[in-house]
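S.K.: One line per chain: the protein sequences are A and B, in this order. If you're matching positions, the first sequence starts at 1 in our numbering and goes up one per residue. If you're matching positions, the second sequence starts at 1 in our numbering and goes up one per residue.
If you are wondering where the hints come from, they were derived from the structure by calculation, not from laboratory data. Keep in mind that this is a model prediction, so the values were computed, not measured. Each residue gets a CB set at the ideal place from its N, CA and C atoms; glycine is no exception. Be aware that a few hints might be false.
Said to hold, decoys possible - Here chain A is said to cover these stretches of chain B; the calculated rule only asks that three of the stretch's residues, wherever they fall, bring their Cβ under 8 Å from a Cβ of chain A:
1. 49 to 60
2. 74 to 83
3. 141 to 149
To be verified - Listing some non-contacts, in silico: residues in chain A with all C-beta distances to chain B over 12 Å:
4. D27
5. R37
6. A140
7. V415
8. W462
Unchecked claim - Cross-link-like lysine to aspartate or glutamate pairs, in silico, DMTMM-like; alpha carbons within 25 Å at most:
9. B/K44 x A/E474
10. A/K439 x A/E428
11. A/K17 x A/E424
12. A/K648 x B/D125
13. A/K17 x B/E91
14. B/K44 x A/E698
15. B/K149 x A/D706
16. A/K509 x A/E474
17. A/K310 x A/E387
18. A/K390 x A/D755
19. A/K581 x A/E474
20. A/K158 x A/E688
21. B/K5 x A/E134
22. A/K557 x A/E567
23. A/K390 x A/D311
24. A/K320 x A/D614
25. A/K445 x B/D125
26. A/K439 x B/D125
27. A/K509 x A/E567
28. A/K439 x B/E91
29. A/K445 x A/E761
30. A/K648 x B/E91
31. A/K183 x A/E167
32. B/K44 x A/E134
33. A/K648 x B/D124
34. B/K5 x A/E761
35. A/K648 x B/E146
36. A/K69 x A/D113
37. A/K390 x A/E424
38. B/K44 x A/D84
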Amino acid sequence: MSEFEAQAPAKPNVAWKQIGQPLERTDARGKAEGTTRYAGDYTMPNMLHAKVLRSTLASATLRRLDMGKARALPGVACVLTAADLPDRLAPTDIPGQTGQQRQKTDQQILARDRIRYFGEPLALIAAETSDLAEQALALAEVELEPLAGVFDPIEAMKPGAPVVQGENNVVAAQKIRKGDLAKGFAEADLVIENAFRTQFIEHAFLEPEVGLAWIDENRVINIRVSTQVIEHFRYVADALGVPHNRVRIMGAPVGGGFGGKEDVTVEIYLALLTRATGRPVRLEYSREESLVGHGKRHPFIMSYRTGVRKDGRITALEAKFIADAGAYVFLSPYVLLYAAVAAPGPYRVDNLFVDAKAVATNNMYTSAFRGFGAAQACIGYEQQMDEVAKALGMDRLEFRRRNYLRTGDRISTDVPIRSAVWTERCAEQAWAALGEVSKASGPIKIGRGIAAYQQSYGRITWLHDTSEGWVGVEVDGTVIVRSGVTDIGAGQGSALAQIVAEVLGVTLKDVVVYNSDSAVTPLAGTTTATRALYMTGNAIKLAAEAVRERLVARAAKALGVEPDQVEMMSSRVFIAEHPDKSLSFSDLVKLCAAEGIHRSELAMFRAPFTDRIDPETGRGQVHPDYTFGAHAVEVAVDTETGEITVLKSVGAHDVGQAINPAAVEGQIEGGAVQGQGYALSEELIYREGRLMTPSFSEYLIPTAMDVPPVRSIILESRSGLGPFGAKGIGEPALTAVAPAIANAVADAIGVRVSDLPITPEKVVNALRRQRSKDGPTSR
Amino acid sequence: MPRAKTIVLNINGQRRRGTFPAHRTLLEALRELGYIDVKRGCEKGDCGACAVLIDGEAADSCLTLAWTAEGRAIMTVSGLGGADAPHPLQEAFTAHGAVQCGYCTPGLIIASESLLRQTENPTDDDIRRALSGNLCRCTGYAKVFEAVKEVSRRRAAGGEK
Numbered sequence: 001m002s003e004f005e006a007q008a009p010a011k012p013n014v015a016w017k018q019i020g021q022p023l024e025r026t027d028a029r030g031k032a033e034g035t036t037r038y039a040g041d042y043t044m045p046n047m048l049h050a051k052v053l054r055s056t057l058a059s060a061t062l063r064r065l066d067m068g069k070a071r072a073l074p075g076v077a078c079v080l081t082a083a084d085l086p087d088r089l090a091p092t093d094i095p096g097q098t099g100q101q102r103q104k105t106d107q108q109i110l111a112r113d114r115i116r117y118f119g120e121p122l123a124l125i126a127a128e129t130s131d132l133a134e135q136a137l138a139l140a141e142v143e144l145e146p147l148a149g150v151f152d153p154i155e156a157m158k159p160g161a162p163v164v165q166g167e168n169n170v171v172a173a174q175k176i177r178k179g180d181l182a183k184g185f186a187e188a189d190l191v192i193e194n195a196f197r198t199q200f201i202e203h204a205f206l207e208p209e210v211g212l213a214w215i216d217e218n219r220v221i222n223i224r225v226s227t228q229v230i231e232h233f234r235y236v237a238d239a240l241g242v243p244h245n246r247v248r249i250m251g252a253p254v255g256g257g258f259g260g261k262e263d264v265t266v267e268i269y270l271a272l273l274t275r276a277t278g279r280p281v282r283l284e285y286s287r288e289e290s291l292v293g294h295g296k297r298h299p300f301i302m303s304y305r306t307g308v309r310k311d312g313r314i315t316a317l318e319a320k321f322i323a324d325a326g327a328y329v330f331l332s333p334y335v336l337l338y339a340a341v342a343a344p345g346p347y348r349v350d351n352l353f354v355d356a357k358a359v360a361t362n363n364m365y366t367s368a369f370r371g372f373g374a375a376q377a378c379i380g381y382e383q384q385m386d387e388v389a390k391a392l393g394m395d396r397l398e399f400r401r402r403n404y405l406r407t408g409d410r411i412s413t414d415v416p417i418r419s420a421v422w423t424e425r426c427a428e429q430a431w432a433a434l435g436e437v438s439k440a441s442g443p444i445k446i447g448r449g450i451a452a453y454q455q456s457y458g459r460i461t462w463l464h465d466t467s468e469g470w471v472g473v474e475v476d477g478t479v480i481v482r483s484g485v486t487d488i489g490a491g492q493g494s495a496l497a498q499i500v501a502e503v504l505g506v507t508l509k510d511v512v513v514y515n516s517d518s519a520v521t522p523l524a525g526t527t528t529a530t531r532a533l534y535m536t537g538n539a540i541k542l543a544a545e546a547v548r549e550r551l552v553a554r555a556a557k558a559l560g561v562e563p564d565q566v567e568m569m570s571s572r573v574f575i576a577e578h579p580d581k582s583l584s585f586s587d588l589v590k591l592c593a594a595e596g597i598h599r600s601e602l603a604m605f606r607a608p609f610t611d612r613i614d615p616e617t618g619r620g621q622v623h624p625d626y627t628f629g630a631h632a633v634e635v636a637v638d639t640e641t642g643e644i645t646v647l648k649s650v651g652a653h654d655v656g657q658a659i660n661p662a663a664v665e666g667q668i669e670g671g672a673v674q675g676q677g678y679a680l681s682e683e684l685i686y687r688e689g690r691l692m693t694p695s696f697s698e699y700l701i702p703t704a705m706d707v708p709p710v711r712s713i714i715l716e717s718r719s720g721l722g723p724f725g726a727k728g729i730g731e732p733a734l735t736a737v738a739p740a741i742a743n744a745v746a747d748a749i750g751v752r753v754s755d756l757p758i759t760p761e762k763v764v765n766a767l768r769r770q771r772s773k774d775g776p777t778s779r
Numbered sequence: 001m002p003r004a005k006t007i008v009l010n011i012n013g014q015r016r017r018g019t020f021p022a023h024r025t026l027l028e029a030l031r032e033l034g035y036i037d038v039k040r041g042c043e044k045g046d047c048g049a050c051a052v053l054i055d056g057e058a059a060d061s062c063l064t065l066a067w068t069a070e071g072r073a074i075m076t077v078s079g080l081g082g083a084d085a086p087h088p089l090q091e092a093f094t095a096h097g098a099v100q101c102g103y104c105t106p107g108l109i110i111a112s113e114s115l116l117r118q119t120e121n122p123t124d125d126d127i128r129r130a131l132s133g134n135l136c137r138c139t140g141y142a143k144v145f146e147a148v149k150e151v152s153r154r155r156a157a158g159g160e161k
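Modelling step: build the complete structure from the supplied sequences, incorporating the hints.
M.R.: Written as structure tokens, this is what we have:
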């Protein structure tokens, strides 16, 4: 069996008792009662408070940095500048456990000479109190000499443009060549060409970056931090020049990540300061510093050219993407790869040409964000699908129906899709769920939009992803799970408890999950790339099944039957056909303990491993598998004010198997609202690289006043590579929302605003342009 | 150093003494005193994560100076209820899946409690308005609305305090 094929559905334990149930998440109660400790809730005796001094220009030479007065302020324990650091860099490439060679994209830890972005760190300060650290910041003497900067990726590619990175600012390029493009266009009856733009956006997790570091009795640097990736301990160690086993990262429940806590945030600063002072150090960002200080979503400029026959069949597609990478590379090559792979969307395109480039500028660097390039591509291909349908005079759903990928079809990178592809089912159901069309009145126009998507789950297959997990049973019949997985709020830990409870026939409250400690819990990999349930869920399931097998063997002996006649449910172990012949789970465990039967297991799950794709054609496997689905919306547009109200929002997704449907709904509802912000209100505005929107009163995420009822339709093909046939839903829930809204607005007003966000101002201007164009003939 | 003053704050029904300078916000003071259930999200009154009840009404503790809270009844989410006697909103948020990363949850529960104390049978619109100062990035608010409505229904039926 190919490792890309879904495993056989796990043997149901009588019937599934835990999987597929909308159970109360194990972490919810503590959060609602306020007892959950986040990374920022830890303090230590003798702790120092840190601050980061940042550049006030986006492109400059650091002429002078005199921290003398800051150092002299009583209560300041330590000031570090680049001059105080060994000449080491901070790794930024492929976070996590992979053994792959990193690309040479490392970043200076503190600016030495050259400053490339607004907010680039210049110095670190640790003081007895936060107030003192703040006062010391103000005593820094900084002389910056402005350098010509470049703030637009197209400008940055022109000869003579200021060079921010590499030789010509092009920090990554990705090609896909499939079939014969010229032949495809020759077969087309119609060729449609459009361009679309997306903006810089912000993760806007509610918990700003925060951490606490100290050195323990083994000279290990311990860091408790809000992160998606505890395995950054290796990068911190590399940046400091200490062995990997001398840095330990402990996570905590993360107050939101969305990709924004995938790269290193405060860890290296904390490690440097605690090493320099020998004292515990705490660093938390203000909201403004958080908005300034972490990587953003790549803005994309996308041009699409589609060849189509009159019958609605796509014959050729050419897509060109230019992404603004900002001042440093970070995960741009991978974001670009995801975008390129996703360029045609969930449609069969035999003649495909994709050219994608990520270009450095003096804007804030861009990196991971839920959807990771594939979300930007969806905003391109789904608006283009609507435009092509319109040009053909064909119904939007019918046009899509004629082009959906099916299982066995070859995707953009010319490899077949092996799991279920229920895009059509999802799109039809989402569309139908919109129900009756709301009434338009006066200047209020109603419009509807649909968008379908293909989004990977699991990391790039040539990174050879692995996840380890441990399961053990106690003699009183309770269960312990140990997994390095970080819980970023989607219920990553609770899902593991549910899986183990299912396999061992206990209830959720019998299971405690210990997670996210790089020194103590088995390394599970990152909580990124919609991989946590797929990878860690599989590892924990393997471990639980191994424990179960040994317990069942012993129970069979006790009950005088064969192991396959033994069932476990509700903490009882019994003969399947004679449930009255049983023993308690805890008695069975005691029996095993007394006889020295191994009651725990450490398991590793390995994702499929492939070679890198061909750089010239992009041919090859990139991801383990994909989730498919669709989002549909109805909007009301006030043609006088340009105001847009989302009236209905429906996400329909084939999640393979919902482990906890309530948690899946939570992803869909949250994705619907995040996508709405992406489409309509959110934009980080940079002027000469300086952030002009550094607060939540300027950067507008949707509030309780802005959201429509969201309907979640969960389909289950049980065809995924995850536990019990699960696919992933974390990123997919967001991907199709913004283009569905863009399509609905265009449907409502008859003209397309092709650059996000679709603000009232842009709507009014688009209508005005349309009127002046129509004027002479229509009036 | 700025002048500091020792004040007594009435927090969750207990008298707590602390010494704070004039510029110390109630958020900072509460966290300094160990009330980590009050969350710091923006310190500008934009996000509502730090909301507490002051004399029964929700307020952003980041916009309140600690000195001005003396003599007033301050209630944080852990004061509403806990493991032994959870508050109906804490139970409903948990049961409805209204909690994801949970960082905004204490503030949302405080804002909801403030609404329910002031408004019997709030309409959907009342609920939206009451929660509009509390940002949530995970849930999309849907399950939060469900949880608040359920508690409101039960209170109206006289089944809850």
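S.K.: Next, verify each hint and record whether it holds.
M.R.: For each hint, the structure was consulted:
no.: 1; hint: 49 to 60; verdict: violated (count 1)
no.: 2; hint: 74 to 83; verdict: holds (count 6)
no.: 3; hint: 141 to 149; verdict: holds (count 5)
no.: 4; hint: D27; verdict: 7 Å, violated
no.: 5; hint: R37; verdict: 7 Å, violated
no.: 6; hint: A140; verdict: 21 Å, holds
no.: 7; hint: V415; verdict: 34 Å, holds
no.: 8; hint: W462; verdict: 31 Å, holds
no.: 9; hint: B/K44 x A/E474; verdict: 48 Å, violated
no.: 10; hint: A/K439 x A/E428; verdict: 22 Å, holds
no.: 11; hint: A/K17 x A/E424; verdict: 30 Å, violated
no.: 12; hint: A/K648 x B/D125; verdict: 16 Å, holds
no.: 13; hint: A/K17 x B/E91; verdict: 23 Å, holds
no.: 14; hint: B/K44 x A/E698; verdict: 12 Å, holds
no.: 15; hint: B/K149 x A/D706; verdict: 18 Å, holds
no.: 16; hint: A/K509 x A/E474; verdict: 14 Å, holds
no.: 17; hint: A/K310 x A/E387; verdict: 14 Å, holds
no.: 18; hint: A/K390 x A/D755; verdict: 19 Å, holds
no.: 19; hint: A/K581 x A/E474; verdict: 23 Å, holds
no.: 20; hint: A/K158 x A/E688; verdict: 18 Å, holds
no.: 21; hint: B/K5 x A/E134; verdict: 21 Å, holds
no.: 22; hint: A/K557 x A/E567; verdict: 13 Å, holds
no.: 23; hint: A/K390 x A/D311; verdict: 13 Å, holds
no.: 24; hint: A/K320 x A/D614; verdict: 19 Å, holds
no.: 25; hint: A/K445 x B/D125; verdict: 23 Å, holds
no.: 26; hint: A/K439 x B/D125; verdict: 21 Å, holds
no.: 27; hint: A/K509 x A/E567; verdict: 20 Å, holds
no.: 28; hint: A/K439 x B/E91; verdict: 39 Å, violated
no.: 29; hint: A/K445 x A/E761; verdict: 16 Å, holds
no.: 30; hint: A/K648 x B/E91; verdict: 28 Å, violated
no.: 31; hint: A/K183 x A/E167; verdict: 36 Å, violated
no.: 32; hint: B/K44 x A/E134; verdict: 17 Å, holds
no.: 33; hint: A/K648 x B/D124; verdict: 16 Å, holds
no.: 34; hint: B/K5 x A/E761; verdict: 51 Å, violated
no.: 35; hint: A/K648 x B/E146; verdict: 17 Å, holds
no.: 36; hint: A/K69 x A/D113; verdict: 21 Å, holds
no.: 37; hint: A/K390 x A/E424; verdict: 19 Å, holds
no.: 38; hint: B/K44 x A/D84; verdict: 35 Å, violated
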